[in-house]
Amino acid sequence: MEKAIKKYWPIFVLPTLTAFIIGFIVPFAEGLYLSFCKFTTVNKATWVGLGNYVRAFADNTFKYSFWFTAAFAVVATILINILAFAVALLLTRKLKGSHFFRTVFFMPNLIGGIVLGYIWQILLNSLLSLLGRPLLALDAAAGYWGLIILMCWQQIGYMMIIYIAGLQSVPDELLEAATVDGASPWKALWKVRIPMVMPSITICLFLTVTNSFKLFDQNLALTGGEPAHSSEMLALNIYNTFYSRAGAQWKGIGQAKAVIFFLLVVIISLLQLRATRSKEVQQ
Amino acid sequence: MTKRSIRANRIWSVVLTIVSLAYMYPVFMILMNSLKIETAITTNSAFKLPNSDTFAGVDNFVNAISSKGFLQSFGYSAFITVSSVLLILLCTSMLAWYITRVKNFFTKSIYYLCIFSMVVPFQMVMFTLVSTADSLGLTNPWNICVIYLGFGAGLAVFMFAGFMKSVPLEIEEAAMIDGCNPLQTYFKIIFPMLRPTMISVGILEAMWVWNDFLLPYLVLDRTKYMTIPMLIQYFRGSYGRVEMGPMMASIMLTIFPIVIVYLFSQKYIIKGVTAGAVKG
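Chains as they are written, first to last, in the working numbering: chain V, 1 to 283; chain L, 284 to 563.
In short, the hints are calculated from the structure, not lab data.
These numbers come from a predicted model, not from an experiment.
All clues stand as given, with none of them false.
If you want the footprint, here are the derived chain V segments under chain L, 3+ residues with CB under 8 Å:
| hint | stretch |
| --- | --- |
| 1 | 5-12 |
| 2 | 26-34 |
| 3 | 92-100 |
| 4 | 161-172 |
| 5 | 258-271 |
Here are some chain V residues the structure puts well away from chain L; computed CB gaps all over 12 Å:
| hint | residue |
| --- | --- |
| 6 | T46 |
| 7 | A140 |
| 8 | A178 |
| 9 | A183 |
| 10 | K191 |
| 11 | V192 |
| 12 | I194 |
| 13 | P195 |
| 14 | A275 |
Here are the simulated lysine-lysine pairs, DSS-like style, with alpha carbons at most 30 Å apart:
| hint | chain 1 | residue 1 | chain 2 | residue 2 |
| --- | --- | --- | --- | --- |
| 15 | V | K3 | L | K471 |
| 16 | L | K471 | L | K391 |
| 17 | L | K550 | V | K96 |
Positions of the beta carbon are idealized from the N, C-alpha and C atoms, including for glycine.
Work out the full structure: start from the sequences and follow the hints.
This is the structure in C-alpha cells:
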C-alpha cells in the first residue's frame, strides 16, 4: 500500500510543499542569512558578520521595547489567567444563563486586532478626555494600561473556555469525597481542583505569554507606539526598524532583531513543551 | 443543592449579567455613535445616546458602503479568506495523509518543519517573504492564497496528521484491494471521515486570514487592493479630518458578519478554536 501511495506524491505532496517553500522555507533561510548582511533589497546584500546583532543590542529603543513587552506580558498573563479562572469557576456552578455569559465573554476573540485596537482607542480616548487627562497618544502609562485592558478583554473568554473544559473533567466524586472529609470549598479549590486542572493552567499561561510577546496589530492600532516609541512592543519595534527608519543599515539591524525575537519565542515554546511533558508524567 | 448555595447562585447570576453587559459596552458604544450625525461624534459626547437632534439613522452606513471602497475591500477580504481556506483544507489534508502513511526521512522532515513553522513569528520572515512574493507575482487577491497556504500549512498539517494517526489502516487497505487507486481512496474513504477536523481547521484558518493585517498589508499591491483590516488602519492613519460617522459604521459592518456567523455556529467555533490551542 505504501508503494502505491508513494507513486502519487506529485499530487499529494507537491502543492503544499511548493507553497511551503515559497511561503516559509525560502523566506526563513534568507532572513537568517540577511541578518548577517547589510542590505536594502534581498539581492543587494553585503556580508557584515555579527555587526547587525551588536548594533541591535546597542539600540536603546530595542532594549526599551523588550522591557516594555516583558512588563506587559507579566501583568497581562497574571490578570487574564486569574480573571478567566474565576469566571470559569462561576460558569461551572450551573448558574442560570451560563450559556449566554460564555457566548458574550468569548466574542471579542473573534474580532481582529486592528478593529479591536481602534474600538478601544475611541473608547479610552473619550474616557480620558472626560477625566481631563492626556489622550493615549500622549501618555505612555495610559497606553500601557490601555493595552492591558484590551488584551484582557480579548483573551479572557478564550482562556475561560480552556479552564471550563479542564474544570468539567474533574470527577464529582473527588470533590464530594473532599467535602465529606470536611474540606471547606476554599480548601477543596486549592487542594483538589487547582491541582487537577494544572495541565489547563500550563497551557493558558504559555498561550498568554506567547500571545503577549507576539502582539502587533493591537499595539499598532491602539497606540501606534506613541508617544515617541514609549509604548512600542517588540514586534512593532522590529517593524518600525524595517520600514520607518532612514538609512541603509537599518534593514539588516531589523532582521537581526527579528532573529533575536524568533529565538526568544522558541525558548518560551521549549519551556512550555518541558512543562507540559513533566505534568503529563505526574498524572 | 442547599438553600444558601441557590441564593449565592442567584447573586452570581446578577453580577455576571452586569459584567456581561459591561463587556459588550465597547461594541455597543461604536454602534451608538455610528447612528449619530457627524458633528455629534466628539470625545465629549461619545458616551451619550443619540437623541432626536443627533440621530442620523442609517446614513453613516449608506455612506460607508457607497464610498471609500468599502464593498470592494469586503469582497477582497471574503475572496482571499474563502480561497485560502479551501486551498489549505484540500492541500494540507492530502499532504497530511501522505506523510502519515508513507514513513521515510523525507516525510518526517516535512512534518517537523511544519511544526517548527508554527513557532516562528511573522516578523522573522516578513521582509524576505514580501520580496519572494514580489518576484513570483503573488501580490494580488487572486493568488495571495498561495502565500497563505505556505505560511498556514504548519497548523493545518499538524492537526490533520494528529487525527489521521487514529484512523485504522484496514479501511484504506480494503478500498485499495477492491481496486481503488490512492486518489480514489483518499477522496472516497478518508475525505468524508475528516469532516470534524476540517471544520476545526477551517474555522481557525478563516479567523486568521479574515483578521490578518500585516501580511496582506505588506504583500498586496496597496494602491490597488485593500482588505478590511487594511482599510480600517488606512482610515486611522490618514491625516486630516477623518469622517468619524462612516468610520464607526465601517467598524460595525466588519463586526456584524463575524457576530452572525458566531451566533449560528458557536459550538463549532469554540470547539475549533480550543482544539488548536490544546494541541498546540
